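2 protein chains.
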Amino acid sequence: MLSPSVSLKRGGGRGGRGGHCKSVKVCDCRHENAGVQEKLLKSGPDFNDFLNELHKEFSIQSHETFVVSTTDRAVLDYDTFAALEDGSTLYLFRREDQALPTAREETITFQPHYDTLIQSGTYEYYASNDKNSFPYALAELIDNSLSATAKNPGVRTIEIRMLFDETLGKPAVIVLDNGCGMTSKQLNNWAVYRLSKFLRDDSKSASKDEKYVRPDHVPRSLNSDISYFGVGGKQAIFYIGNSVRMITKPVGSPDVHEMVMSKADFEEKERNNEDIYKGTIKNRKPGDSSHVKKNGESFLRDLIAEESGKESFTAVVMTGVLPDHITFLKDDFSVWTRELTHIYHYYIHGVNGNDLRRSSTNSDQSSKIDIQVTLREKPNKLPRVLNLREVEDDMQTLYINATADTFEFHVSSAVGSGRVEGLIRYHPFLYDRETYPEEPDTMLAPVDDESDDNESGDLQQARGKRPVFECFWNGRLIPYTTIPEFEWCALPKGNSKLPAECYSRFSGVLFTNDTYKVSTNKLTFMDLELKLKSSESIFTRVVNGQRQRVNIKSEFNKWLQNCHDKLDKQTKFLRFKEIITRPDV
Amino acid sequence: MLSPSVSLKRGGGRGGRGGHCKSVKVCDCRHENAGVQEKLLKSGPDFNDFLNELHKEFSIQSHETFVVSTTDRAVLDYDTFAALEDGSTLYLFRREDQALPTAREETITFQPHYDTLIQSGTYEYYASNDKNSFPYALAELIDNSLSATAKNPGVRTIEIRMLFDETLGKPAVIVLDNGCGMTSKQLNNWAVYRLSKFLRDDSKSASKDEKYVRPDHVPRSLNSDISYFGVGGKQAIFYIGNSVRMITKPVGSPDVHEMVMSKADFEEKERNNEDIYKGTIKNRKPGDSSHVKKNGESFLRDLIAEESGKESFTAVVMTGVLPDHITFLKDDFSVWTRELTHIYHYYIHGVNGNDLRRSSTNSDQSSKIDIQVTLREKPNKLPRVLNLREVEDDMQTLYINATADTFEFHVSSAVGSGRVEGLIRYHPFLYDRETYPEEPDTMLAPVDDESDDNESGDLQQARGKRPVFECFWNGRLIPYTTIPEFEWCALPKGNSKLPAECYSRFSGVLFTNDTYKVSTNKLTFMDLELKLKSSESIFTRVVNGQRQRVNIKSEFNKWLQNCHDKLDKQTKFLRFKEIITRPDV
Ligand SMILES: Nc1ncnc2c1ncn2[C@@H]1O[C@H](COP(=O)(O)OP(=O)(O)OP(=O)(O)O)[C@@H](O)[C@H]1O
Ligand SMILES: Nc1ncnc2c1ncn2[C@@H]1O[C@H](COP(=O)(O)OP(=O)(O)OP(=O)(O)O)[C@@H](O)[C@H]1O
Ligand SMILES: [Mg+2]
Ligand SMILES: [Mg+2]
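Protein sequence lines, in the order shown, are assigned to chains S and L. Under the working numbering, the first residue of the first sequence carries the number 1, and numbering increases by one thereafter. Under the working numbering, the first residue of the second sequence carries the number 1, and numbering increases by one thereafter.
Derived from the structure by calculation, the hints contain no laboratory data. Each hint can be trusted.
The list cannot tell twin chains apart, which means a pair is met if one copy fits it or any two copies do.
Result set (EDC-like, lysine to aspartate or glutamate): computed pairs, CA atoms no more than 20 Å apart in a straight line:
| no. | residue 1 | residue 2 |
| --- | --- | --- |
| 1 | LYS269 | GLU105 |
| 2 | LYS285 | ASP97 |
| 3 | LYS465 | GLU485 |
| 4 | LYS42 | GLU57 |
| 5 | LYS566 | GLU555 |
| 6 | LYS282 | GLU32 |
| 7 | LYS533 | ASP441 |
| 8 | LYS310 | ASP370 |
| 9 | LYS282 | GLU105 |
| 10 | LYS310 | ASP97 |
| 11 | LYS282 | ASP97 |
In this text, all values refer to a predicted model and were calculated from it rather than measured experimentally.
Next comes chain S alone, as it looks inside the complex (with noise of 0.2 Å):
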């Protein structure tokens, strides 16, 4: 069998007159029906020095015409054995096209571009839907937030900072939070794409696997377990910027771990020939910030100062901010902000939600989520500081404060653990008008000619054309699937008893566990719909927690029913009577 073709360029060449030596493999395939002998030829760095080393060795006749060329056949000559790696085979033909007498094996390697990484979040989060899609980026590093802090003892803080003040240093976005952190070899492990949590051993001694345990069911999925396909950080971080520096203390350990990866680095091994994959850990003490550049970096070493009496932590700095995100993290922080709170309202709220009408918030949560944004202009500038716990127009919020009345169901698959919760609102009509919620974007935007959705009369239709359901995964929004509706939520196609505004009268949420499977980049569902829409889905009422064995379409309706009986309030005109002159006008 040959050796490597593609090979290495550190050869241990001996100098000969001025070049380097040429250490290479013949396989002299002239005779078809002789074997294939192989040798290992070391000559000088010419052509010439090469060729005579050949007719020597093959013991090639003068008058004997041949050729020389490489696996792929191109033949050689002064310039391309000048260009020739050490350690390359080459074939000796009697001409050009000749067949290989045997079949001939060479090594290869093929790993992956760095490019899997660079790129890996570049088309993932493409703008659709006419959205920024960069909340969708920094959703990742929330969701790996969360599951780090999922079993903190205390609050569960998740803090982003946008620190766009030049006079820090250059831009940079961080994402810290107060979690369990990585030791080193989870820092290697967070490093290696695709390496998910069901394929690790993350366990600190070898001897001990700590396989993935699947959490436990609990209210409307919030596991916080939101780590799937070991890509989501890595391809949000070379979303966002260039270069990442991951900074992290586990618990128990006395140790700071710091990596770095950015593409400058992969760029610059590839052009030094370096093995592309490697990288160091710096193992230090917390607080100690000598390695930090003196100028240029002063808001790293701020970071650093605030390690000391942190028992864990993880800090993900990014930098090499995209222009662009820059401008829309500063011009629109009111929207992505607002899409944030979205995503995780029930991470940050509890399972009922943020309802601004009760009294007390859901002070029975048995531990904090604190989702903290601040964002740093100029230097005179004070910081925008917002909790997303704040936020009052999100969706979700809008959709529970302008519940009158609430349906719950349940829905199991015949097989597996398929297990989805699910939730309809009720939104009435109250005088004269819809109480169904508006998107905020939508309100505040210039009625636009151009829109397709703004057709004059659907905002007098409550959700009109909308879908009826948002759908979370594990407690976390999935932004771009929903599900318009279920048969026996939908308007009757026969004659129904209640007016046909009453259906579409109420918004819905569901809620499911992974069970349920979303696309690499967390925006999609792959199938539900088709599950939830197949016979196997058994959809059963919900009420007080209990599961009703009853017909869900004439339990619904019944609903409705009440509920337009009840919660609506129209203002009928029923006919003229008189004319009334308003003096006091």
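Here the structure of chain S is known, so what remains is to put chain L with the ligands in place on it, guided by the hints.
Then chain L with the ligands, alone, in the frame of chain S:
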């Protein structure tokens, strides 16, 4: 600097007492304010051997307390020492929780997991819109064959062979083309995930760089240049099956190159701690199948027997095909062949598409593209054979043949090389019905009460709520992106001289080049709609190939008015006249 803690299992250990000798690096961190002393220790395989050696080398006093731990601070004992990999780095501390005197660096590797290749397609071609996405995976391989045959002097042949006759071996899907083939270097590059044509150096000799050159503009961007990301083939292959054998012969070479990549191979290399991304390419004579197993793969020997006499070719042989796919391919033959025809309609039929009303086909095409499908099931059943050119119910064929008039336009962007050719087709009302074509699936499907789009009345509304434009990228359909309409061809908001129905009697197509980006799975455009609807995009009408400086909106409305006046043949009920009794019925 410390050397790898995550290190080679195959160390050059010299055996001792039954086990292996261990060689580890120890950093003496006992003295917090002194430097760190590093030593390479070799000891017997037992922890006691190691401790003895340690005492000696670091002059540890007998009364001194100390702790040896890994870089992750796992304290070493008999068991963990036994499990330690040769070449690991260890720390010597006074106490377990002692801080590091100075920062230490450890080398790590973080090569992407092989699931990067194996799993890449799984979540990429997910079922959506109730459609099976198998055709879109297969399309990636046809894309590659279209690129490879682009410069063929004669007919371009792409064969898709579905071999589900178990008497010929395990089920296999083969995509075979008579394109340029690959050199062994190109085959090696094929295997490198994310190595796109923009990054590659595919030239035969190392001296000349063959950089990628963007093709010149051709009508409807049918440039066959459909490779883009360096992922498509691998994604498709491992979505379809779990093993692939690439067999290829480049133009001008007497050798065939062959390479196998499979999930089982990766798993075995992982188990054996071998280099995951090392493989072999076999170079052999055409027709030489001496390496094929005697039983179970007779289809492979047949395929190899076909090689003789072929100038160049590439065969992608996939096995381990998922049973679900096989069922779909057998049971829905007409569905997936129709969808493939839809995707490649203009490559198959030429720029004007499949106009069945013309007497001759596009004989002017410079090179003909044959996409031939064969499906073999039972040994005694005739194979199904279909040239996609024969398919007459793909959507584009239906649109084209229901067209009474067309409106051509062109979109250019102020900056960059963005160019889009557009076409609108009028499908008139004839006597008693709309001629706007229906999706064959919808036509055949039984009336489905749960479907949302099938609301009564809709079918009578020609296009109904469906979007106007299907979108082609470099001539190939991007199936999940449609554009509902443009402002200038939408039903005017105010009074319109034309009946509203006219605005739902046309369909449209857009042909873009790769200035407009698509997602890595080629299922969606990134931001086509956003870009086209921005103020940068300039629309011009095209008449007889000439762009006209006119107001597109008024031109379009004039055209539509004309279509309505001349082409719609509406039977109008005017008033009651008399009752006729037909005695002949
Ligand atoms: N903030 C964090 N704290 C602790 N560990 C983290 C943190 N972020 C990432 N990790 C670790 O790194 C791993 C890789 O993260 P990454 O987001 O790249 O993939 P993933 O979360 O496993 O899967 P997904 O593709 O679904 O995001 C995680 O599984 C987790 O073990
Ligand atoms: N049938 C074929 N004939 C010749 N070369 C091929 C063939 N199929 C693939 N290749 C080569 O292998 C490369 C990798 O193919 P692959 O489909 O994985 O990625 P790509 O086509 O480069 O990009 P994309 O992700 O857009 O498909 C191609 O660029 C092409 O050079
Ligand atoms: Mg993640
Ligand atoms: Mg491709």
